[in-house]
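With the hints as a guide, bring the two chains together.
These protein sequence lines map, in sequence, to chains A and B.
Note that this note's numbering numbers the first sequence so that position 73 is 73, with each residue one more than the last.
Note that this note's numbering numbers the second sequence so that position 14 is 1014, with each residue one more than the last.
Keep in mind that the hints were calculated from the coordinates and are not lab data.
Treat each hint with caution, since some may be false.
What the hints assert, rightly or not - List time: in silico DSS-like cross-link candidates among lysine-lysine, alpha-carbon distance up to 27 angstroms: (1) Lys1390/B <-> Lys42/A; (2) Lys1048/B <-> Lys1211/B; (3) Lys122/A <-> Lys82/A; (4) Lys122/A <-> Lys42/A; (5) Lys1006/B <-> Lys5/A; (6) Lys1173/B <-> Lys1211/B; (7) Lys1379/B <-> Lys1294/B; (8) Lys1059/B <-> Lys1294/B; (9) Lys111/A <-> Lys1390/B; (10) Lys1142/B <-> Lys1006/B; (11) Lys1379/B <-> Lys5/A; (12) Lys1346/B <-> Lys1379/B; (13) Lys82/A <-> Lys111/A; (14) Lys5/A <-> Lys44/A; (15) Lys111/A <-> Lys52/A; (16) Lys73/A <-> Lys111/A; (17) Lys52/A <-> Lys1115/B; (18) Lys1005/B <-> Lys5/A; (19) Lys75/A <-> Lys86/A; (20) Lys1390/B <-> Lys120/A; (21) Lys42/A <-> Lys73/A; (22) Lys1115/B <-> Lys1142/B; (23) Lys1093/B <-> Lys1173/B; (24) Lys52/A <-> Lys1390/B.
Stated by the list, open to error - Ranges of calculated distance between the beta carbons of each label pair, as one might list FRET restraints: (25) Glu93/A <-> Arg1139/B: 50 to 58 angstroms; (26) Phe1287/B <-> Val32/A: 14 to 22 angstroms; (27) Lys86/A <-> Arg1235/B: 53 to 61 angstroms; (28) Pro1375/B <-> Glu8/A: 18 to 26 angstroms; (29) Tyr1113/B <-> Met100/A: 29 to 37 angstroms; (30) Ser1037/B <-> Glu93/A: 41 to 49 angstroms.
Backbone N, C-alpha and C fix where the C-beta goes; we use that ideal spot for every residue, glycine too.
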Amino acid sequence: MYTEKVMEHFRNPRNMGEIQDADGVGTVGNPVCGDMMTIYIKVKDNRIEDIKFKTFGCGAAVATSSMITELAKGKTLEEALKITRKDVADALEGLPPIKMHCSNLAADALKAAIEDYYKKQKGKVENQ
Amino acid sequence: MLTSKKVYMDHIAGKPVDPRAIEAMLPFIREFYGNPSSIHSFGHEPRKALEEARAKIVKLINAERAESIIFTSGATESNNMTVKGVAYRNMDKGKHVIASSIEHMSVINSCKYLKTKGFDVTFLPVDKYGLVDLDSLERELKEETVLVSIQYANGEIGTVQPVREISQIVHRKNAYLHVDATAANGQVPLDVQKEGIDLLTLSSNDMYGPKGVGALYIRSGVRIEPIIHGGGQERGLRSGTENVPSIVGFGKAAEIAVNEMQSESERLSRLRDKLIKGLLESVPYAFLNGHPKKRLPDNAAVRFNFIEGESILLSLDMMGVAASSGSACTAKTLEPSHVLLATGLKHEEAHGSVLFTLGRQNTEEEVDYVLQIMPDIVKRLRAMSPLTPKELLG
Chain A
1 MYTEKVMEHF RNPRNMGEIQ DADGVGTVGN PVCGDMMTIY IKVKDNRIED
51 IKFKTFGCGA AVATSSMITE LAKGKTLEEA LKITRKDVAD ALEGLPPIKM
101 HCSNLAADAL KAAIEDYYKK QKGKVENQ
Chain B
1001 MLTSKKVYMD HIAGKPVDPR AIEAMLPFIR EFYGNPSSIH SFGHEPRKAL
1051 EEARAKIVKL INAERAESII FTSGATESNN MTVKGVAYRN MDKGKHVIAS
1101 SIEHMSVINS CKYLKTKGFD VTFLPVDKYG LVDLDSLERE LKEETVLVSI
1151 QYANGEIGTV QPVREISQIV HRKNAYLHVD ATAANGQVPL DVQKEGIDLL
1201 TLSSNDMYGP KGVGALYIRS GVRIEPIIHG GGQERGLRSG TENVPSIVGF
1251 GKAAEIAVNE MQSESERLSR LRDKLIKGLL ESVPYAFLNG HPKKRLPDNA
1301 AVRFNFIEGE SILLSLDMMG VAASSGSACT AKTLEPSHVL LATGLKHEEA
1351 HGSVLFTLGR QNTEEEVDYV LQIMPDIVKR LRAMSPLTPK ELLG
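Only chain B is shown next, with the shape it has when bound in the complex (with noise of 0.2 angstroms):
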């Protein structure tokens, strides 16, 4: 680190829990241990805690009932139950499942999955800017059809889908929508009646609650079954002995966000919009990544042309700035970011991309400072790169 500056602009890998769901949690930790389900009085505080939490999320995506909420470990999670538990439970009707191809590997893998155990799986293209295409979508909707999976807005490019039209097309067709809300939620309202979602998946670290939580939302008379057996906690749909003291936080999490959203998200909007255009404009060929309007208020996905996303990391890095990149060198598989290519870009194109992140605590000051270091990082890197046009290094 070559400053004591820090500037955390990666909300997208893991926010900070609000100090009030802190609060929040700790007498469930410290005092309140005891079982939920137990008969006892030590069950009693726990199972207070619990439904107070549900009735949080239930006001946060307007559900019809507290029994709609399902709590589980995470949107990992409650995508593998909606992709697998739908399937497996629907195969009287069909056994089709059709998800967008931006969809988080959670979705994705779990489809993938199905597809080796004889189901039909569809992804549905997007366009340039990470849109699905709705005429696919119609044309690919069968009889067999039993659940269509698509995002509410996209956490690498900012991307919000239209969700209440696609709603439209998936029930003419009688199949299940589940839309996937973990980079959403927390920054745009939800409404899950009003939107016709029959699952909606919801994470608790992505609106500043703890991390290993979030919940599964079922429409009433959605046919599911449960991929953990158990207990039969949770309505039987999620066996374990519920994370009170992360469920509590959680649904604080959730009832702050319901509060404090719209202006924050409208602060956010603004930093974004700025931290965008200045980008855009002090570096010669930077594009923007996903829509220019229909996206997240924390969501500056650039990319820079002849340079690679890690070395832009590392050198942001030692500025003291973090952000994330959909470039091969920084991921796991050495691909990189399915969604990026998912857009058309090509593989040299998606490996120049950097994904800032904007949260809370970023401030005015923040945006500026990076937009003063930006330029001279990828002026170091396009210097060092055999692939830079020679007019540009001058």
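Chain A with its partners taken away, still in its complex shape (with noise of 0.2 angstroms):
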């Protein structure tokens, strides 16, 4: 039912773990509705230099989390932020229809990390 991409970053995901300092963290979804995950984001000169995710759910979640942090390493936060559910979804060669919504959920966490980080930024510049 799964792709053999999806598949393959199930069984060896990239970037899993967590960053201690991260500049932005993100978590969306929920453990009722069985996924949830969370991203972790360092920041340096406007560019994504790290990031790492845990995630609990299915294996489309653990895919699609560790995919976005392959899409995401290394580009600048206006280009990550302009990654898409359906980018996600297509590097990884399609999801069955059932999960695209529930489990396709790393473009969001990667955002609300994104906005994490502007968000601690701004509060930054306001204590200065």
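Encoded structure:
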């Protein structure tokens, strides 16, 4: 039911883990629904220098999390914000239709992490 | 697949057909193609085989007579026929139907359908083990209640219901008791007369017969009407030319079950207990679903906190092990199993459920293999999960 690409990311997820001193953290989903993911980013010169994820969920949830870290790493924040759910699904050579909405949360989690980064930066500027 | 090993522990989803049942079926696919209703000689062998199969089902459940057995296309049809056929036939008595909240969807959704037709439906609660609450059964039974539908045992959590006690309560109020024995048949001895069962659903594949065939036992005197109308086969209760090859295979499977059930169920219970004990001991935050004692011999239902069932199934599959889960992510509806939720589990607990259902070909070596790989699978997924407490990661 999953593509070989999805299974490959499920077997060998990229960038799994936490970043202790992350510049931005975004969590979306809910354990009640069965899918929840957290994206951690480290930003340098407006680029995503490092990115990691933690995910509770099905095979699609793990694979999309892993894939988004690959897609976002090294990109500017503006470029990263443009990554869509569809981009993630396409990069995985497709997801089962039923998983397109429930488990394809990685783009949202990345957005949340970048927004968290912006918010923290704004806070820093105001504190100065 | 990372391994050539193949361990099948998803017998609830489908069982291999016993080779002896296949052998019995073959002549009725190849040679005896006649219609059992035909008056000419081509109908004789199929008719004879049909009635021999019926006699084997009679023996399996100790029915009082052959006419009480109606062959159907399987448990879903038997359950639909019971719920709708009894409700429609007994409207003069009342329009109230009771079912437990952990019935198979073919009972639950038939009941919900009746609701749209003006019937009154009550779903009974169960306790944390999945046992039906007998007090609320007693309370909910009314003069207008025509049918109570309760499964013999639940396939997802293995819990076996106190059918005899339930029967006494139901019959005090003059309602019919329907028992869905799909998960139990072939594993536990069934006696419709001793246990006071008015209607009983049986499934062929669940006792190693072919798929697409089942039966409904209807005690003589029970008022029911057909839901499939046509040429009047099966005493007018289930029209359509009988599926003779499959019915023959079903009969053979029932005969084998009668002879081998006891020793096989003892063997499976030992494997089940070893699997459950091993999983609960080797993995922290692992819990049993269903009743610790009153459970089906084949059923090891366990849940692991902080991780999700489909991920566990995929990981097991990578190691060659087939199991199933009550997680929403493996369901077409995206809802966790109604059975697990009815036992009081939270959604996130239900998501982490894994169901191993054992069968004839499983060995102790295979149980050991699952016990050997499971702790690492859980550990890997927990390392990935944001819900895992820090002290578990170490």
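Hints versus structure:
no.: 1; hint: Lys1390/B <-> Lys42/A; verdict: holds (22 angstroms)
no.: 2; hint: Lys1048/B <-> Lys1211/B; verdict: holds (22 angstroms)
no.: 3; hint: Lys122/A <-> Lys82/A; verdict: holds (21 angstroms)
no.: 4; hint: Lys122/A <-> Lys42/A; verdict: holds (16 angstroms)
no.: 5; hint: Lys1006/B <-> Lys5/A; verdict: holds (23 angstroms)
no.: 6; hint: Lys1173/B <-> Lys1211/B; verdict: violated (36 angstroms)
no.: 7; hint: Lys1379/B <-> Lys1294/B; verdict: violated (30 angstroms)
no.: 8; hint: Lys1059/B <-> Lys1294/B; verdict: holds (25 angstroms)
no.: 9; hint: Lys111/A <-> Lys1390/B; verdict: holds (26 angstroms)
no.: 10; hint: Lys1142/B <-> Lys1006/B; verdict: violated (52 angstroms)
no.: 11; hint: Lys1379/B <-> Lys5/A; verdict: holds (23 angstroms)
no.: 12; hint: Lys1346/B <-> Lys1379/B; verdict: holds (22 angstroms)
no.: 13; hint: Lys82/A <-> Lys111/A; verdict: holds (9 angstroms)
no.: 14; hint: Lys5/A <-> Lys44/A; verdict: violated (30 angstroms)
no.: 15; hint: Lys111/A <-> Lys52/A; verdict: holds (14 angstroms)
no.: 16; hint: Lys73/A <-> Lys111/A; verdict: holds (13 angstroms)
no.: 17; hint: Lys52/A <-> Lys1115/B; verdict: violated (50 angstroms)
no.: 18; hint: Lys1005/B <-> Lys5/A; verdict: holds (23 angstroms)
no.: 19; hint: Lys75/A <-> Lys86/A; verdict: holds (18 angstroms)
no.: 20; hint: Lys1390/B <-> Lys120/A; verdict: holds (25 angstroms)
no.: 21; hint: Lys42/A <-> Lys73/A; verdict: holds (10 angstroms)
no.: 22; hint: Lys1115/B <-> Lys1142/B; verdict: holds (17 angstroms)
no.: 23; hint: Lys1093/B <-> Lys1173/B; verdict: holds (12 angstroms)
no.: 24; hint: Lys52/A <-> Lys1390/B; verdict: holds (17 angstroms)
no.: 25; hint: Glu93/A <-> Arg1139/B: 50 to 58 angstroms; verdict: holds (56 angstroms)
no.: 26; hint: Phe1287/B <-> Val32/A: 14 to 22 angstroms; verdict: holds (18 angstroms)
no.: 27; hint: Lys86/A <-> Arg1235/B: 53 to 61 angstroms; verdict: holds (57 angstroms)
no.: 28; hint: Pro1375/B <-> Glu8/A: 18 to 26 angstroms; verdict: holds (24 angstroms)
no.: 29; hint: Tyr1113/B <-> Met100/A: 29 to 37 angstroms; verdict: holds (30 angstroms)
no.: 30; hint: Ser1037/B <-> Glu93/A: 41 to 49 angstroms; verdict: violated (53 angstroms)
Violated hints, in rising order: 6, 7, 10, 14, 17 and 30; the structure is consistent with all others.
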